[in-house]
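Dock chains B, C and D against the given chain A, drawing on the hints supplied.
Protein chains: 4
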Amino acid sequence: MISFESDYITGAHPEVLKKLIETNFEPQPGYGADRFCESAKAKIKKAIGIEDADVEFIAGGTQTNAVVISTALADHEGVIAASTGHINAHEAGAIEYTGHKVIALPQKNGKLEAKTVSDYLSDYYADESCDHMVFPGMVYISHPTEYGTLYTKKELTELSGVCHSYGIPLYLDGARLSYALMSNNTDVTLHDIAELCDVFYIGGTKCGALCGEAVVFTKHNKPKHFLTSVKKRGALLAKGRLPGVQFDALFTDDLYFRIGKHAIGLAEKLKKIFSDHGIKLFIESDTNQQFPVLENGMMKKLREKIDFCFWEKYDEDHTVVRFATCWSTTEADLQALEEALR
Amino acid sequence: MISFESDYITGAHPEVLKKLIETNFEPQPGYGADRFCESAKAKIKKAIGIEDADVEFIAGGTQTNAVVISTALADHEGVIAASTGHINAHEAGAIEYTGHKVIALPQKNGKLEAKTVSDYLSDYYADESCDHMVFPGMVYISHPTEYGTLYTKKELTELSGVCHSYGIPLYLDGARLSYALMSNNTDVTLHDIAELCDVFYIGGTKCGALCGEAVVFTKHNKPKHFLTSVKKRGALLAKGRLPGVQFDALFTDDLYFRIGKHAIGLAEKLKKIFSDHGIKLFIESDTNQQFPVLENGMMKKLREKIDFCFWEKYDEDHTVVRFATCWSTTEADLQALEEALR
Amino acid sequence: MISFESDYITGAHPEVLKKLIETNFEPQPGYGADRFCESAKAKIKKAIGIEDADVEFIAGGTQTNAVVISTALADHEGVIAASTGHINAHEAGAIEYTGHKVIALPQKNGKLEAKTVSDYLSDYYADESCDHMVFPGMVYISHPTEYGTLYTKKELTELSGVCHSYGIPLYLDGARLSYALMSNNTDVTLHDIAELCDVFYIGGTKCGALCGEAVVFTKHNKPKHFLTSVKKRGALLAKGRLPGVQFDALFTDDLYFRIGKHAIGLAEKLKKIFSDHGIKLFIESDTNQQFPVLENGMMKKLREKIDFCFWEKYDEDHTVVRFATCWSTTEADLQALEEALR
Amino acid sequence: MISFESDYITGAHPEVLKKLIETNFEPQPGYGADRFCESAKAKIKKAIGIEDADVEFIAGGTQTNAVVISTALADHEGVIAASTGHINAHEAGAIEYTGHKVIALPQKNGKLEAKTVSDYLSDYYADESCDHMVFPGMVYISHPTEYGTLYTKKELTELSGVCHSYGIPLYLDGARLSYALMSNNTDVTLHDIAELCDVFYIGGTKCGALCGEAVVFTKHNKPKHFLTSVKKRGALLAKGRLPGVQFDALFTDDLYFRIGKHAIGLAEKLKKIFSDHGIKLFIESDTNQQFPVLENGMMKKLREKIDFCFWEKYDEDHTVVRFATCWSTTEADLQALEEALR
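Residue numbers (my numbering), protein chains in the order written: chain A, 23 to 364; chain B, 23 to 364; chain C, 23 to 364; chain D, 23 to 364.
Only chain A is shown next, with the shape it has when bound in the complex:
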């Protein structure tokens, strides 16, 4: 069946798979000490433009968030996030499992505004009993957000400024970073992110890899004994080469960016198809996720031919659903959708 259900419906991009095949028989040490990880790290550091950054690989996104946040926070601290942020809404309490609170603040189109954070911080420290509360110790954002929206460079710069004026790190969850960078409507580059954020991750799983996320610490701020902390959380792969080889491929010949570009091109066509059929979009997204509002009868009928994802109830008669494109989405998939919509 044709599927737009998510960007993790298929395996790895052929160039990634090819590299796994080519390197399969070469013996290398475990736990990330292999030459593929080394090579991938060098390429990533070059791509972000910060040669002395620290790069580490972790198997999945929720795990990466839990590892990064819990090793960055001090005991008395929690992490600020948009109420719709992945760590607050869709990770089954993985951050709280590490013993830290997610401090959820109001959002706008999935984004956290600098003023919201700034007001919260200023009110927090004005409260005489703030030491009976959870200290805000980090700001988490996702880019693209869970609604496919993007921060502008101005917004990101302001958020970064607020964080740094309070001495707390800004962490960017780039599970779908490839699509953010290749959006037709963004002024934020990979280098900008590396400059403005203290730590971020470059998503692999949802951008063409079988699994794996690359965490980047940009300010000599990798937690001490990070490998041990990663292992303690069950997040250290014995075959560390698995993400290593894949990220080496993703950052060879701009593959990571080509994957994003391909998916964005098809997502733009998706938007046009919905528009042509008078289907409204729930939110204006410039990335690979689109959120059409479907009339319930049509939704039911469409599901017979096309897979997509329930998002939320819109009203009694309509439902918001999600369509996502990825490296494996084809023009033929779009045609099939058009036919199904007729």
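Errors might be hidden in some of the hints.
Claimed, not checked - Okay, derived cross-link-like pairs now, DSS-like style, lysine-lysine, Cα gap no bigger than 25 Å in a straight line:
no.	chain 1	residue 1	chain 2	residue 2
1	B	K246	C	K244
2	D	K302	D	K327
3	C	K241	B	K246
4	B	K327	B	K291
5	A	K137	C	K335
6	B	K241	C	K246
7	C	K130	A	K130
8	A	K176	A	K283
9	B	K40	A	K40
10	D	K335	D	K294
11	D	K246	A	K244
12	D	K40	C	K40
13	B	K67	B	K176
14	C	K175	C	K67
15	C	K246	B	K246
16	D	K246	A	K241
17	B	K68	B	K283
18	D	K241	D	K65
19	D	K302	D	K322
20	D	K335	B	K137
21	B	K130	D	K130
22	D	K246	A	K246
23	A	K302	A	K327
24	B	K175	B	K241
25	A	K246	D	K241
26	B	K335	D	K137
27	A	K335	C	K137
28	B	K137	B	K176
29	D	K244	A	K246
30	C	K246	B	K244
Stated by the list, open to error - Just so you have them, the derived chain A footprint on chain B, three or more residues with Cβ under 8 Å:
no.	region
31	48-57
32	75-86
33	244-258
Stated by the list, open to error - Under 10 Å between C-beta atoms, here's a sample of chain D residues computed to sit facing chain C:
no.	residue
34	M23
35	T32
36	G82
37	G83
38	T86
39	A88
40	E118
In short, the hints are calculated from the structure, not lab data.
The beta-carbon is built from N, C-alpha and C at its ideal position, and this holds for glycine as well.
Only chains B, C and D this time, still in chain A's reference frame:
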């Protein structure tokens, strides 16, 4: 360089890789709801001979132990293990991170004896203040153990009997289960394990897969809402197909057993090579890990040509090291070792 | 200095202290197995009108919340609370420290409405990916709330109904329960609370004891091995007699109720004093906490003679502060306040 | 009934109780900001001879251990303790609940020898895969130990030396410190402890207070935002005055030392009584806990008249039991024991 460093030095067995390639473009739902997981689960249930077992896939071994143990234990309980058990010695405190104590008991050649457990349990409940202590809520064993040794069917049956007479589950860590099952010196079958243990895992990472372990609950004892608990620990793969496809391959045409047989055959030859060169083995292992005691000068020289793993200091002049075989070890590797030893 | 800062500014009510003195030399076993705990539990069960309830004593309020909530929740669950609820706002993340999320919902005058909870639960289970989120496993309310407000019997009954229709327990934090029960404007009795809630605690620290809270499980739902779980959280007092003796005194000759009545009487006079001086109250409270809105200059001047507590900024020129009465507040304290306000 | 069951069988020493009565009506701020805490801290700092130490009060011993250890350890670290250490054996897993491993090492008469620790640390860092294990981040000892034994100044100095040569803190659990300091057979002073340990606690609960332990950080090493971390663990008392007043009394006119001396005097007489009756002691203890080995028939008979505590099985016919003296033990209690033994 020739490497006997571990059984995770290379990629996936070619038949596993082939299946990843063949299935790469087929869209399937995420989070383990794909048809490959379904097929792999069916094959595993058939192989163990318990049709109504519950099978779940998790990315790595330490993570699997943390997930299984922490979801099985009640709040007031800890897990019994041999002092040399992986969870006690080499997982960076991953079990304690979940809030539960590892109750370490004395071992013999890496094995936990039924009497040791029985005595501990009986003393525990005889203590009038036992409710101020950690209740023993599970017994953890590894098979093969960390020293490559194996439980006999009699030993496993006795352990199982002790556990069940106290109403606590027996959990078997089968990170290297393939090599246990194919050892020339074992009377324990996969079906025996499934019958005698309440939960165990079939190791993938160290037995020919890129990553992935298959947890098997044999007594309708899968924790409720297990998926959510797995996700909460960051252990749920978005592309659940990754372990699914691989275990589907591993349990097709007995691949899992063929991998074990291959490695065991070469391990037996390894033993002979060491014996021929007058090199003593630290422990009698019938599986794929061998522990020669090397004179320090020889060790240094050998390391120039062959990779192997430091295990522990033996005396001032000797060191215990580990040699492991796996799917990718070849006769040529053994010849290279022989030459290096001359 | 005259102080209305809180209801924990002085020691124990004289009748409580007297009992500590009388019993001081009598040897009794530790950890709550003493005859004072036994007597206190019997009196509490009689007062609530449920003879087969389970009563346990814990040293403080935050600890009680952490112990009760974390032992009641399953691994995959979190606890619902008003955003202003003590566990969400003023316990330094003590619930998250146990690995569980506080699911904060909108409040009205510090209260959680049944409809708010009902809507949340119904939306939660309507979401197809709800097993990637934190399951709502308990509802937490405080009575009086953090704003001194009270649930009506109708409101409490509705909340209880919603909880029970979803099979989740209702937990009431009664840190200041004495003042709720003796309010001039309540139709909720101690027996009502015991009937409608699954677990609640009768606050000692803020109602006349030196320390100690009495947790009451009303539905044969005390977690198994509760003593061990309490000890594991560091919350088991060696001299368990300390809360035992005090609660025995508090529930002798209706002392707990007399303390509430005394404080409520003076709180009503406080309200009149503020009203007489044209000082607006931030919220309509019928309990022992009152929240006048003071002009900043007046606040500063008043603080020279009277202690009270900062609550929150009202506007540029005004501040909300808290005045609390308790067992030790006197008519003379009120007169001093009146003089200071002149 | 006459009881030697423990040193927490009665209330507070009369001088402690007197101070609670005297100060009962004086309003003071909560959470340890009262003048009693201030005064007690000053007296303790004077008694230990380190004027710039940091002193904090916590309600109970297990809680104190959990708070101190978990705030001192880094994420990748665990705490070394004797296998018989209270945190390893009798705290229901309270340290593991904070996510950290207790690294249990062999003991001698309840004591941890410097060489044992030194060997462990040196082997640990010699292991090439030590970053897959739990880093030893603190050494915990109890003084007196759980067996009533005492470290000599030489032993304590050596342990301190080993710790500091590896840069890890030495923590001393002084739940019964009063009895250690007043033993007839010790050369360790309170000042020695303060000099040699990085953090220790002066036990109140078992030394004459109703509850409360005084944690002393001697090297400007109080964790940042300690109050918030204490609150997060549910260990912050609203009426912080409760331990404050009591420790103020305990450190007035050497009461803490007088209590120890009284109990030690009677414990020496206890030893003589057992010796006179041909009853062997399980271990040579110079503090307030004595461990006679009773023939089972005699034990049963004695229990009809005297309360004492089961310790452990000695052999088929004998049992080790514990007798403890404290502030409230009298000569009459000893006489009653003698009569019962006749």
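Do the hints match the structure? See the list:
no., hint, verdict
1, K246(B) - K244(C), "21 Å, holds"
2, K302(D) - K327(D), "20 Å, holds"
3, K241(C) - K246(B), "23 Å, holds"
4, K327(B) - K291(B), "19 Å, holds"
5, K137(A) - K335(C), "18 Å, holds"
6, K241(B) - K246(C), "23 Å, holds"
7, K130(C) - K130(A), "23 Å, holds"
8, K176(A) - K283(A), "23 Å, holds"
9, K40(B) - K40(A), "12 Å, holds"
10, K335(D) - K294(D), "23 Å, holds"
11, K246(D) - K244(A), "21 Å, holds"
12, K40(D) - K40(C), "12 Å, holds"
13, K67(B) - K176(B), "24 Å, holds"
14, K175(C) - K67(C), "21 Å, holds"
15, K246(C) - K246(B), "18 Å, holds"
16, K246(D) - K241(A), "23 Å, holds"
17, K68(B) - K283(B), "20 Å, holds"
18, K241(D) - K65(D), "18 Å, holds"
19, K302(D) - K322(D), "17 Å, holds"
20, K335(D) - K137(B), "18 Å, holds"
21, K130(B) - K130(D), "23 Å, holds"
22, K246(D) - K246(A), "18 Å, holds"
23, K302(A) - K327(A), "20 Å, holds"
24, K175(B) - K241(B), "19 Å, holds"
25, K246(A) - K241(D), "23 Å, holds"
26, K335(B) - K137(D), "18 Å, holds"
27, K335(A) - K137(C), "18 Å, holds"
28, K137(B) - K176(B), "13 Å, holds"
29, K244(D) - K246(A), "21 Å, holds"
30, K246(C) - K244(B), "21 Å, holds"
31, 48-57, "holds (count 5)"
32, 75-86, "holds (count 6)"
33, 244-258, "holds (count 8)"
34, M23, "7 Å, holds"
35, T32, "6 Å, holds"
36, G82, "6 Å, holds"
37, G83, "7 Å, holds"
38, T86, "8 Å, holds"
39, A88, "5 Å, holds"
40, E118, "8 Å, holds"
The structure meets every hint from the earlier list without exception.
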